[in-house]
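S.K.: Those protein sequence lines, which keep their order, are chains E, U, R and V.
Heads up: the first sequence is residues 1 to 290, going by my numbering.
Heads up: the second sequence is residues 1 to 85, going by my numbering.
Heads up: the third sequence is residues 1 to 158, going by my numbering.
Heads up: the fourth sequence is residues 1 to 767, going by my numbering.
There could be a bad hint or two in this list.
[Claimed, not checked] Below 30 Å or equal to it, Euclidean Cα-Cα: the simulated BS3-like pairs (lysine-lysine) are:
1. V:Lys401 x V:Lys318
2. V:Lys36 x R:Lys3
3. E:Lys260 x V:Lys211
4. E:Lys53 x R:Lys3
[Stated by the list, open to error] Rough simulated footprint, nothing fancy, chain R against chain V, three-plus residues with beta-carbon under 8 Å:
5. 17-26
6. 79-85
7. 213-227
8. 257-269
9. 489-499
10. 649-660
11. 676-689
Hints are computed from structural coordinates only; laboratory data are not their basis.
Each residue gets a CB set at the ideal place from its N, CA and C atoms; glycine is no exception.
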Amino acid sequence: MTSLRYEAPETVEDAVRLLADADGEARALAGGTDLLVQLRTDLVRPGLIVDLKRIPRLMEVSANGAEIRVGAAVSGAVLGKSEAVKAAWPGVVEALELIGSTQIQGRASLGGNLCNGSPAADSVPALIAAGAVCEVAGPGGTREVPVEDVITAPGRLALGPGEIVVSFVMPKPPARSGDAYLRFIPRTEMDIAVVGAGVALTLGEDGVCTHARLGLGAVAPTPLLVEDGAKALIGTKVDDEALAALAAAASAACNPIDDKRGTVEYRVKVAGVLARRAALIALERARSNG
Amino acid sequence: MARVVLPSSLARYTGGATELEVEAADIRGVIRALEARYAGIGRELEEGMAVAVDGHIHQDDLFAAVAPESEVCFLPRIGGGKQKL
Amino acid sequence: MAKYHVTASVNGEPVEFLCAAEQTLLDVLRDELELTGTKEGCATGDCGACSVTVDGTLVCACLMLGTEAEGREIGTIEGMADGDTLHPLQRQFLEDAALQCGVCTPGFLVAAKALLEENPEPTETEARYWLAGNLCRCTGYDKIIRAVMTTAAELRGE
Amino acid sequence: MATATKETGNGNGALKYVGTRPWRPDGVDKVTGRAKFGADISLPGMLVGRVLRSPHAHARIRSIDTSAARALPGVKAIVTRDEMPEVPSQWVPAGEVQVNYRDMSQNVMAREKALYDGHAVAAVAATSAAIARQALDLIEVDYEVLPHVIDVREAMQADAPLLHDDMFTQGVEPAPETPSNVFKKVYFSTGDLEKGFAEADVIVERTFTTKPVHQGYIEPHAVVASAGEDGQCEVWCCTQGQFTVRAYCANLLGIDIGKINVTPSEIGGGFGGKTVVYLEPVALRLSQLAGRPVKIVMSREEVFRASGPTSGGAMTIKMGATRDGRMTAAKAWLAYQAGAFPGSPIQPGCMCVFAPYDIENAEVEGYDVVVNRPKVAAYRAPGAPISEFAAEGVVDELAKKLGIDPAAFRLMNAAKEGTRALYGPKFGPVGCVETLEAARSSEHYRTPLGPNQGRGIATGFWFNIGGESCATINVNEDGTATVIEGNPDIGGSRASIQLQAAEALGIPPERVRPLVADTSSIGYTFLTGGSRVTFATGMAAIEAAGKVVQQLRERAAKIWDIPVDAVEWEDGYARPSGSNAGDFEPMSLAEIAAQAGKTGGPIAATASINAQGAGPGFGTHVCDVEVDRETGRVTILRYTAVQDAGKAVHPSYVEGQIQGGAAQGIGWALNEEYIYDEDGRLENPGFLDYRMPVASDLPMIDAVIVEVPNPNHPYGVRGVGETPIVPPMAAVANAIENATGIRMTDLPMSPPRLLAAMDNGGANGGA
């Protein structure tokens with residue numbers, strides 16, 4: 001019978017080598033909250049599991065004057081205690097913290113959430129809104145990939161053999177910036193997003209929006225960066241009219257499916273609702289970050 | 001004479017009657033008296049039915065007392081019953 | 001089949017075990033270490049019946065490999081009482097009838113203990129959200145939440 | 001939000017222990033992890049069993065090739081249809097629903113056809129879980145996939161795919177000549193329906209549907225079975241009835257009942273779903289073939305795909321009332337999914353539908369319909385929540401049209417002592433009026449609501465049952481006592497049996513240890529179901545205690561050398577009955593027990609009864625919701641559940657039953673459903689997408705107990721476990737209607753459905 005091998009390297013280089021050199025299917029393990037379920041239900045049958053959590057670089061959170069760097073395997077429980085990240089990108093932290101239960105939070109990470117490749121990953125629209133970039137290490141060295149370019153189709157990533165996401169880099173937001181992430185689930189906890197919307201925006205001194213990004217989840221085969229959403233806000237005071245335009249842009253960007261979690265009609269409508277509500281929270285945060 | 005109430009599903013044995021009078025001292029006596037009058041109904045009553053005597057439901061309880069002024073009402077079993085295929 | 005040798009600590013006691021790579025920490029606790037107080041309700045992280053702590057962090061034992069426990073400190077329901085003295089949460093669960101069938105109870109107790117260590121003064125809403133990963137089908141949660149809130153107050157000396 | 005217990009007086013004011021709230025006797029084991037549930041049991045040399053299940057909703061099984069699996073080292077036994085005896089048709093009880101042994105046998109292991117996604121087709125026993133899993137992969141099943149049907153109305157159509165070509169509808173005349181998926185028709189009527197509707201000033205007619213929902217117990221089914229070479233069999237499992245498991249295994253495998261001993265483990269929830277067998281006969285057969293103990297534990301996915309949920313239903317309800325608020329006529333048409341084999345709870349569904357009301361003219365017809373889903377099992381008040389959800393919606397709408405407060409309208413028509421139920425008998429003393437009055441006069445019912453908020457009220461009824469129970473009381477040398485009984489304790493019944501025995505003996509409950517015994521250690525006891533245990537087994541324990549007290553009086557009489565009639569038993573002491581009887585110091589139970597050997601031997605007694613006269617249960621629930629008009633989300637803001645308990649033996653566990661039933665009902669109302677793909681495969685076999693309420697979904701649930709004593713029980717007890725799941729779906733629907741003006745007629749009232757209904761002004765499951 002096939003025998004599963006487990007490795008827990010302590011450097012990025014060793015992890016990359018193990019994954020690149022693997023004979024059969026190899027899987028990187030971060031929090032494991034998706035991978036272990038897939039193993040249990042025979043959705044995947046890898047020959048090798050490479051546990052990344054013994055690699056310090058993947059477990060660190062750091063901030064300097066210009067940017068914030070979050071290790072790909074940092075758990076929600078740890079990130080939720082990082083005052084620096086919470087102050088800069090509260091929406092990103094909230095999005096990661098929305099994934100699953102307290103127990104899941106003890107393990108789930110940004111890297112795992114992204115690399116599971118689900119269009120409904122909660123943290124991804126928030127990372128897209130934040131303009132986060134992945135630091136990717138592989139046999140050919142290190143490269144940077146914007147988060148919105150990582151998932152190419154459900155379960156498919158723009159990563160080559162042996163490549164892993166090491167960390168997420170987000171700019172330190174300028175003054176009068178705010179972000180927020182909202183998702184809709186049928187219950188109050190424990191569900192996969194039916195719709196997710198992340199909004200980041202920056203206001204000028206006059207209160208006019210100078211920068212905005214809208215990320216959407218669970219409404220298309222991949223998480224979306226919605227350029228028209230940003231256009232709806234930039235140059236406005238984020239008034240009702242602009243918010244209506246944002247909602248319309250969000251709904252228009254949707255290309256969802258009917259499934260056990262929601263209908264096409266429902267997702268299209270609620271995407272607009274959540275984009276507007278998230279923008280209102282982001283706006284409030286931007287105004288208080290004067 | 002105790003008053004007996006039958007469900008409409010058993011009216012086919014009685015020529016349509018669902019309320020009858022029977023002289024008996026216990027549930028088994030009621031069933032026997034009805035079987036004597038309407039052949040075939042006894043087995044239906046014993047195997048497929050529960051009995052309420054003056055509002056209190058009895059199941060598999062052939063010897064519960066029936067008084068002359070009692071109302072004996074047969075109804076489908078709620079639980080623990082047998083049923084013929 | 002290759003087995004991995006793992007050294008860890010469970011409820012403060014050193015343990016060593018052999019496990020296959022695909023065995024979860026839950027499998028190891030129940031099948032190798034015979035600690036069956038940690039329950040399997042779903043094996044997918046959705047019910048919380050297998051709640052344990054790993055280095056003080058609340059996790060589902062079904063979502064962690066046994067091999068990952070190397071060098072870690074595991075806390076299970078079996079370590080909650082101190083000898084023959086029940087933990088205040090255990091006592092209050094009995095006092096408030098916060099269990100019916102009891103199969104979710106170990107998970108709830110482990111999770112509630114972690115809550116009170118993290119947040120000694122939770123609101124009812126905070127307690128409900130913290131415990132949202134622990135399913136109970138019998139109680140409607142009412143008496144569980146009451147027991148947690150009462151214990152929190154007791155531990156604060158109120 | 002305090003839980004209030006409203007004592008309405010029951011003439012049992014003298015009770016000393018019944019009505020108190022001690023720690024439950026099994027409590028410490030359960031908070032320390034020591035309690036052994038089904039999957040916690042292990043035996044030396046035990047093999048791991050796994051079941052191969054059909055991936056098709058409906059398929060003929062052409063062949064099963066197990067040769068490759070048998071050749072795998074470590075595989076010790078394989079069971080398919082060929083290793084299971086063919087069983088003839090025979091109907092037997094299973095909780096409140098009936099099952100047929102032939103159907104049960106074919107449900108446990110498919111024969112000619114696989115009838116649902118998840119239907120067992122083979123099982124292996126191997127030396128490890130990994131080998132067992134690999135062996136399943138090596139079994140080749142050749143299926144001929146057939147068209148399937150799941151929706152109950154579609155299954156009733158003449159051209160629907162046929163599950164059983166030998167099924168001819170019962171209860172219709174003339175008897176049909178062609179087979180169909182309709183197993184039987186149920187019919188009740190009373191009065192003159194036409195006349196009743198002619199008298200009505202307002203008539204409401206609506207059609208409703210409910211989706212199948214699962215009992216959702218947290219503990220998956222688990223069994224360890226061991227068959228000896230001498231034919232003696234031991235089974236350990238989590239079940240609601242060890243005697244039922246014994247009988248089912250004996251019948252399905254052709255073993256004498258006396259050769260099987262079944263020991264119930266602690267049970268991690270059942271709600272009716274553990275009244276039947278799935279794994280036990282298979283594990284026992286594997287053990288017979290392998291000559292070693294075999295353990296099988298279901299995965300959560302298997303629990304959802306293959307164990308009994310309850311029916312989905314389709315219903316049309318028509319009711320009429322006069323302007324002054326009198327219900328004059330009611331008509332119901334009900335069709336319930338039975339799953340792959342007949343036996344839905346259509347009968348109780350029909351009997352309960354209008355039970356809370358005194359209506360002179362009524363007619364109910366119901367249909368039991370087979371479909372390509374797992375065979376339904378009992379689920380808490382089986383059948384009643386489905387039909388009463390529909391009826392209570394129509395009642396609410398009538399009240400609204402009449403401009404009468406919905407609680408007042410229900411009270412004007414409420415069933416009371418002497419009301420004749422549609423299914424025949426007149427009610428004895430019942431608490432329908434009392435629960436409605438308590439709900440109407442509650443502070444909750446009067447509290448003002450905010451915008452987008454609504455309030456709903458609904459009443460529910462369940463029969464409750466009695467039945468066969470045994471209890472043995474052994475008095476120990478130090479004056480403690482052991483009560484042995486045969487009902488697995490699913491929600492605190494050991495506490496209620498302990499309290500009743502303590503009351504009858506006159507000693508404190510902590511001196512009475514209750515024990516749930518295996519099938520060889522106590523006489524036949526019908527399973528834990530029908531809300532019967534505290535009532536029926538409680539009565540057995542009280543009767544056994546009475547016999548023990550008689551012996552204690554006899555021993556005291558001997559010691560004092562006076563006639564037994566001159567000894568009375570009071571508060572745990574034998575006393576001379578008066579000054580004529582003699583001047584003796586009262587003698588405690590412990591003192592008499594200490595001399596038992598010298599006075600005639602051990603003191604012990606058994607009672608075996610068939611308990612009759614279970615008192616029906618009524619409950620009224622009040623629910624406040626807030627509706628998010630942009631997303632369709634419904635938030636339960638506040639919930640009060642009132643119920644008649646007859647006499648609450650351990651009030652905390654009565655409240656727990658009420659709260660738990662309400663929570664399950666809220667889940668049924670809002671989000672729980674079986675979702676099938678177009679091939680009839682279950683799409684949500686897990687707790688992730690089968691969305692049961694989590695702690696943050698619910699408010700505190702105020703449980704209010706009213707006590708209208710049941711005259712047939714010494715302390716006035718009524719069953720309480722099932723009634724509380726009946727009102728919630730209608731209470732939530734009525735609250736949503738109150739908040740939005742939209743009448744939701746299809747469950748679950750999930751956000752996409754509610755939003756669509758609001759956007760369409762009432763279409764899509766709204767009206």
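S.K.: State the violated hints by number, sorted upward, taking the hints as numbered earlier in the document.
M.R.: Those not satisfied come down to hint 6.
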